[in-house]
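2 protein chains.
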Amino acid sequence: MHSAKHLQNLEPSYIREILSAATHSETISLAGGLPASDHFPLPLLHGALETLTTTPTLFQYGETRGYGPLLECITKHYSLLSSQSAMVCNGSQQALDLIARAYINPGDTVVMEAPSYLGALQVFALSQAQVKTIPQGSQGPDLQALETLFQSCAVKFFYAVPDFHNPTGLCWSLDCRLAVARLCRQYNVSLIEDAPYRQLRFSGDALPLVSSMCPERAFILYSFSKIVAPGLRLGLLVAPSAWLATPEKIKQASDLHCNQPLQAVLLALLNSPELEVHIEGVCALYRQRFEALAASLRRHFGDQARFSEVQGGMFSWFYLPEHRQGCEPMALAREALNKGVAVVPGDVFYRADDPLRHTSAAALRLNFSHSEPGQIDCAIARLKCAFDKLGA
Amino acid sequence: MHSAKHLQNLEPSYIREILSAATHSETISLAGGLPASDHFPLPLLHGALETLTTTPTLFQYGETRGYGPLLECITKHYSLLSSQSAMVCNGSQQALDLIARAYINPGDTVVMEAPSYLGALQVFALSQAQVKTIPQGSQGPDLQALETLFQSCAVKFFYAVPDFHNPTGLCWSLDCRLAVARLCRQYNVSLIEDAPYRQLRFSGDALPLVSSMCPERAFILYSFSKIVAPGLRLGLLVAPSAWLATPEKIKQASDLHCNQPLQAVLLALLNSPELEVHIEGVCALYRQRFEALAASLRRHFGDQARFSEVQGGMFSWFYLPEHRQGCEPMALAREALNKGVAVVPGDVFYRADDPLRHTSAAALRLNFSHSEPGQIDCAIARLKCAFDKLGA
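Just so you know, the protein sequences line up as chains A and B, in that order.
The first sequence runs 1 to 392 under my numbering.
The second sequence runs 393 to 784 under my numbering.
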């Protein structure tokens with residue numbers, strides 16, 4: 001049977017392929033986007049799991065919008081405005097898919113930074129949006145390029161990951177946030193602020209959500225995958241209340257609602273004073289792991305070590321030396337796999353036909369959240385071997 | 393913000409509205425499609441829930457296709473052919489949505505029986521399929537009408553609920569199953585067999601799946617909502633292996649994968665010898681409740697009591713007397729709500745523009761799984777009051 005016409009060019013996820021190669025061997029993976037498996041707050045989840053069966057209504061059909069007591073708690077926990085509402089989704093990935101299904105007509109323009117989060121590229125490809133990209137600088141997106149795009153055509157959405165971007169790890173400055181909110185208002189563009197890594201800040205000061213400066217035209221995606229555990233598949237879609245009606249109808253048709261027992265477990269965790277301590281622990285751990293990565297890169301690559309000095313999140317972006325022309329990211333990632341380390345070549349975070357794919361600096365995405373310092377150092381040593389082999 | 397163009401006529405679910413009205417009062421609801429809340433197998437789930445946190449990998453990201461050990465178990469439990477594979481979905485509702493997103497181009501023809509499962513009508517509306525309907529007789533779909541449709545245009549899918557249909561409760565005969573499988577093969581039509589109620593048989597002999605007679609061109613949707621608990625939101629998509637590749641890519645983009653802890657809990661339950669005993673208990677309970685409904689209908693409506701004598705499932709279809717012209721199903725359902733009983737008027741199980749909506753007998757859908765016999769009798773007495781008032 002033939003797939004629907006607009007899907008016939010759908011590319012498989014290169015990362016998934018690398019991840020599956022990485023599980024076959026002694027490979028150390030800096031490729032995935034996995035949180036540290038040995039630091040899930042399992043002791044904090046245990047009590048709630050144990051008592052679930054005392055509440056049979058959790059096992060019955062529930063509301064599409066989410067488990068009522070959890071929604072109430074979220075309203076306080078995330079300080080929602082009275083004009084905003086939330087819907088519980090199967091991870092923030094589903095929240096993005098629901099926005100796209102609810103609002104995008106084929107051919108509508110969506111703007112993103114490049115490089116881009118692959119899961120968002122996939123969602124916008126499914127909805128047949130026309131994706132246009134702008135380059136990313138050290139302080140955030142290229143504002144001149146953004147305004148030029150906003151002026152040149154009717155842009156429906158600007159999708160952004162302002163805190164510890166995937167894949168680059170960069171965090172937008174306050175000035176940049178103010179400017180983006182102003183441009184969204186001026187040009188009547190709706191913002192989708194994807195904030196999965198926001199609570200993983202381990203240095204510097206927290207900056208306000210961009211959406212807090214233009215709440216009347218912003219969707220916010222929150223994830224519990226990074227601060228609790230991804231296996232729960234729970235995230236949030238927050239938006240001006242009227243904007244949730246169509247995504248809710250689509251969620252009703254597509255899976256009725258999210259599982260309720262794990263929503264109740266999440267509620268217990270959000271109500272626990274120990275959650276904050278847990279998140280601080282995760283941040284301290286990731287700081288240590290990023291510092292280990294940074295030290296290893298400097299030790300093994302010396303002057304050639306140029307990478308994003310991130311203040312949080314799970315990724316750093318390692319720029320390949322510009323004069324080493326033979327050393328393409330894709331070739332380097334393949335050779336690195338031969339040497340026993342999985343990394344993701346920067347190219348894959350661009351659409352195949354994106355002109356920025358070739359004009360931007362060659363790079364690798366390095367994950368530091370999932371490996372211990374010793375493994376990270378071993379991985380970077382192997383990467384240097386691959387690098388030297390290709391450069392030879 | 394305007395919804396995507398094809399959604400601007402999306403109708404809200406009338407059943408959801410009735411259900412929310414029904415929760416506000418002393419109303420007895422025969423309107424929903426809820427399994428009995430007090431008979432979930434909670435004691436059988438408890439042990440697995442309690443030990444989840446001993447397996448941290450369940451809380452990490454997992455495979456889109458589903459939790460590996462669960463998929464292995466399912467292959468045996470549902471006797472999958474070597475040519476078939478399964479994917480775990482957020483309920484069988486998501487399985488249907490994934491099929492539609494993967495394979496339907498706008499304007500493609502999908503055939504269903506009328507009256508129809510509302511959740512399927514919603515999914516096909518989202519995918520912009522052209523839905524054509526055929527009438528349902530006591531043995532299954534009108535085969536002549538089905539063949540005429542298959543001959544007259546390129547039909548992509550025939551969507552069917554052969555076991556204890558929602559809303560009518562009817563079960564296809566063996567001859568009908570054989571004939572439908574033959575027609576699907578002859579006319580190159582893919583079958584979607586939705587089997588959520590199949591294991592809820594309380595009388596008569598089990599009949600083979602229609603898809604077992606044309607497995608090379610059939611999707612099968614299984615649900616754990618009725619035999620375990622709907623709050624888990626777990627179901628299965630089974631298909632010829634090659635047909636799962638595109639739905640899997642769409643699931644990856646739309647929510648990555650289903651939550652893993654509850655997949656592990658389901659696995660423990662499927663491996664428990666007590667599950668069969670539990671399902672037998674649910675069937676015995678539903679038999680008792682259907683018999684209570686049938687007795688009440690005969691007691692209160694006498695000669696006018698004409699309804700589907702079902703052998704399983706959760707619904708019976710109550711035909712309104714043909715000569716009572718003032719007594720339209722929608723008006724009757726509204727008056728019944730005034731009298732304190734919620735039922736669903738048959739009209740809502742047809743597309744608004746379906747000619748069969750007006751030519752088919754007027755009816756109500758009565759759910760018997762969620763209420764105790766005493767409540768059922770009280771509900772039918774109230775329904776009779778509403779009926780008499782409208783007929784006066």
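Please keep in mind that the hints were generated in silico from the structure rather than gathered at the bench.
Misleading hints may appear alongside valid ones.
Said to hold, decoys possible - Straight line, CA to CA, 25 Å or less: simulated BS3-like cross-link-like pairs of lysine-lysine:
1) B/Lys731 / A/Lys5
2) B/Lys731 / B/Lys781
3) B/Lys397 / A/Lys132
What the hints assert, rightly or not - Between beta-carbon pairs, the in silico distance windows are:
4) B/His469 / A/His2: 54 to 64 Å
5) B/Glu720 / A/His2: 55 to 65 Å
6) B/Ala723 / A/Glu276: 50 to 60 Å
7) B/Gly783 / A/Pro56: 48 to 58 Å
8) B/Asn663 / A/Arg306: 32 to 42 Å
9) B/Asp534 / A/His2: 27 to 37 Å
10) A/Ser152 / B/Thr540: 33 to 43 Å
11) A/Arg182 / B/Ser633: 36 to 46 Å
12) B/Ala723 / A/Arg182: 47 to 57 Å
13) A/Glu50 / B/Thr449: 38 to 48 Å
14) B/Thr449 / A/Asp205: 46 to 56 Å
15) A/Cys378 / B/Thr449: 17 to 27 Å
Here the structure is a predicted model, which is why all the values come from computation and not from measurement.
Ideal placement from N, C-alpha and C gives every residue a C-beta, glycine not left out.
Right, here's what the structure says about each hint:
{"no.": "1", "hint": "B/Lys731 / A/Lys5", "verdict": "violated (51 Å)"}
{"no.": "2", "hint": "B/Lys731 / B/Lys781", "verdict": "holds (10 Å)"}
{"no.": "3", "hint": "B/Lys397 / A/Lys132", "verdict": "holds (22 Å)"}
{"no.": "4", "hint": "B/His469 / A/His2: 54 to 64 Å", "verdict": "violated (31 Å)"}
{"no.": "5", "hint": "B/Glu720 / A/His2: 55 to 65 Å", "verdict": "violated (44 Å)"}
{"no.": "6", "hint": "B/Ala723 / A/Glu276: 50 to 60 Å", "verdict": "holds (56 Å)"}
{"no.": "7", "hint": "B/Gly783 / A/Pro56: 48 to 58 Å", "verdict": "violated (40 Å)"}
{"no.": "8", "hint": "B/Asn663 / A/Arg306: 32 to 42 Å", "verdict": "violated (53 Å)"}
{"no.": "9", "hint": "B/Asp534 / A/His2: 27 to 37 Å", "verdict": "holds (29 Å)"}
{"no.": "10", "hint": "A/Ser152 / B/Thr540: 33 to 43 Å", "verdict": "violated (53 Å)"}
{"no.": "11", "hint": "A/Arg182 / B/Ser633: 36 to 46 Å", "verdict": "violated (52 Å)"}
{"no.": "12", "hint": "B/Ala723 / A/Arg182: 47 to 57 Å", "verdict": "holds (55 Å)"}
{"no.": "13", "hint": "A/Glu50 / B/Thr449: 38 to 48 Å", "verdict": "violated (20 Å)"}
{"no.": "14", "hint": "B/Thr449 / A/Asp205: 46 to 56 Å", "verdict": "violated (35 Å)"}
{"no.": "15", "hint": "A/Cys378 / B/Thr449: 17 to 27 Å", "verdict": "holds (22 Å)"}
Violated hints, listed in ascending order, are 1, 4, 5, 7, 8, 10, 11, 13, 14; each of the other numbered hints is respected by the structure.
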